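**Student:** Those sequence lines, one after another, are chains A and B. Going from the first sequence to the working numbering is simple: count from 1 and add 678. Going from the second sequence to the working numbering is simple: count from 1 and add 28.
None of these hints come from the bench; they were simulated from the model. Please read all numbers here as calculations on a predicted model, not as lab measurements. There are no misleading hints in this set.
Quick list of simulated restraints, FRET-style, between CB atoms: (1) A:L988 x B:D246: 44 to 50 Å; (2) B:P46 x A:I970: 44 to 50 Å; (3) B:Q147 x A:L991: 32 to 38 Å; (4) A:M1064 x B:S89: 51 to 57 Å; (5) A:W1082 x B:K48: 23 to 29 Å; (6) B:M122 x A:L988: 21 to 27 Å; (7) A:S955 x B:G106: 54 to 60 Å; (8) A:L1071 x B:D246: 54 to 60 Å.
If we take Cβ atoms under 10 Å as the criterion, some of the chain B residues that face chain A in the derived model are: (9) G80; (10) D109; (11) R110; (12) N124; (13) P127; (14) L137; (15) A188.
Output of the computed footprint for chain B on chain A, the stretches with three or more beta carbons under 8 Å from beta carbons of chain B: (16) 683 to 690; (17) 993 to 1005.
Even for Gly, the Cβ is constructed at its ideal location relative to N, Cα and C.
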Amino acid sequence: MTLLLALRSLRNRSATAVLTIAAIAISVTLLLGVEKLRTAARDGFANTVSGVDLIVGARSGQLNLLLYSVFRVGDATANVTWESYQRIAKHPDVAWTIPLSLGDSHRGFRVLGTTTAYFEHYRFAGDRPIVFAEGRVFNDLYDAVIGADVAEQLAYTLGQPVVIAHGTGRVSFTEHDDKPFRIVGILERTGTPIDRTVHVSLEAITAIHVDWKGGMQAPAGARVSAEEARERDLTPESITAFMVGMKSRVMTFTMQRAINEYRQEPLMAVMPGVALSQLWNLVGIADTALRIVAAFVVLAGLLGMLTAILTSLNERRREMAILRSVGARPRHVFALLITEAGILASSGVMVGVGLTYGAIFAAQPLLERRFGIFLQPGGLSGYDVMLLTGIVLAALLMGAVPAWRAYRNSLSDGLTIRV
Amino acid sequence: MTDRAVAIDARELTFAWPGKARLIDIERFTLHRAERVFLRGPSGSGKSTLLGLLGGVLQPSGGEIHLLGKAINEMSAGERDRFRGEQIGFIFQMFNLIPYLDVVENVMLPGRFSKLREQRIIGEPVAEAKRLLAAIGLNDPALLSRPVTELSIGQQQRVAAARALYGKPGLIIADEPTSSLDQDARENFLTLLMDECRAQGASLLFVSHDTQLGARFDRVVALKDINRAATDATGESLA
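With the sequences and hints as input, model every part of the structure.
**Tutor:** Structure follows, in C-alpha cells:
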C-alpha cells in the first residue's frame, strides 16, 4: 500500500524523479565501470605471463627483473653469463628455458633476442600460447618476428627489411644498418608487451654486435660484414635474463633457492606470480584513487536525491495531513518517504547496472584491441552486489532524514495546516 | 458507561499547549447519532484545536471525549489513528485531494488505511465509490478519468465528500467545506451531503462561520458560547 502510494507520488513528480534516478544511475555506472575495469586490468596484468615458473636474472630487485624481462621497461643492471645459463638450463629438474637478450631497439620498440623455445613455451592469459598471424618463427640469422602493435603502427608486412638500432632510446644515433633484418613472422595480438616487441634469434644479437667493443663499432676497416658474421661462433657470452619451466612445479622453490644461493655469480630467481602481485600493489594506488572518486560521485547522486525529497516536503504537508485524516499513522508517513527513497535508489541502481552492461558491450571490442583489456560482461560479482546493496541501504538511511521531518510535521500539523 | 446513541460526547474538555494559555475549555458538548449539527466557529473560537481533539490527533489536557461510545482520550495515539480511519470522515475547506491519485482512488483512500471501512461496503469497492460520487453530484464518467487537479473547486469538494462517506463512518466532520463555493453550489452541495448522511445514518458536525446555512441543521451551536476559553476576535494563535 505504501509502495503504491509512493510510486504514484513519484510519478506525479516524474521530472524530478527521473533526474534523480539518472543522477544515481550515472554514479552507479561510474562505480561499476571502475570496478569492472579494475578487475579486468588486474587480470590482464596478471595474465601478462603464465606457464613460467621462474625468471632468472642478475641480482637486483624483484620488480626490476620483472619489469625489464616481462614488461620491457627499464634495463638490466648486469647480465647472466652463458655458462651459468647453461648450467641451470641443463639441470635435470628443468624442463625448458627461454633466454632473453635485451638492449637494442627498433623505432622505439624493444628488440628481444631469444630462441624458438619462446614461441613454444611462453604463455599468457591463463594458457594462451603465442600464435602467428602471418609467417613463421625465425630460422635464418637475420630473420625477425614482430608483435601486432609493431606491425600495425609501422605498417610492416612480411619480407620487409628492418634495421635494428643500438640501445633502447626512441631516437637512436647508431644503427646496425650494416646487418639488416627481414620480417618473417607477425604475431597475433596478445594484449601483453609481446605486441610491442621485435623478436630475433639470440645469435642475431651476437652477430650485430660482433665487431662492437665497449659500446662502439670498430672503425671501418675492422668491421665484419653480415655474411662474414655467419661464419663466426655466435654463441653469446652472456644474456640479459631467462625464463625457466620446471618439470615439476614442486621443484620451483628448491630451484629458486639454489639459484639465489648460486656461488659463481650473483643471480636472482623470482616467481612471476609473486612479483606481479607485488607490482600490482604499486600500480593499485591509482585505482584506489579512481574508486574513491567513484564513491564520491555516488555520494553526490544520493545527496541529489535527498535534496529532491526534502524540497518536496513543504508542498506535501497538505498531502500528509489528508493521509492522516483518513487514518494514516505518522509511521505511515515515515514509511512513505523511506519507500520513495528506496524506489529512487533501487531504480537508479538498476538503470546504472543496465548502463554499465550497455557500455561494456559497446566498448569491449575497442578496449581489447587498444589496451588488451578484456572486460568480462558476465554477472555481477559478489563484491558488486555488495556495493549496490550498500548504495540502496545508504539511500534508505538518507531517506530517514526527510522521513523524520515529515513524521514530525505530521505530528505537529495534525489535520489542519495553513496552506 | 457510554451511550452508544451519542456520536460525540465531550465532557469537561480542556486543552492547552505546554506552557501556553488554555485554548479549549468545554463543559459539555454532545452530538447524537444521525444528528446534524451546525457548529458556528469563526477564527479565534478554538475551532482547529477542537477538530484536532475530536479527530484524535491532539490529546486533551483534561476531560473526556467519547466518540460513538468509545473514550478516545483513553486510547493510545495508534489506536486513535485507527479509530479515526474507521469512524470519521473529514471534509476540509480546500485542497482535500491527493494530487497523484485519480478521482475514484481518492474516494477509496480510507479503505487503504482501514480494513473496516472496506468491509462495510456491500459489493465492489469501486462501484461503491462511483455510487457515492454520483449521489453527491458527480456522475459524468469523463470527470472521473480527469486528474483531480483539473477539477473545479466545487467538484473537488464533492470528491472529498464522497471520500468522507466512503465505507460508512459513523461521524462526518466538515470543516468549512463550502467556504470556497459560490452561493448556488453551496446550497446544492449541502443538500446532497445531508441527504447522503441521512441515507447512511451518519452524524454530521458541520463547522462554518457562515450563519446563513445554519437554518437547515437540526441544531446550531456557537463554539464561542460553549468554549469558555475562547478569546473572541483577537485569537492570534487559534487560527
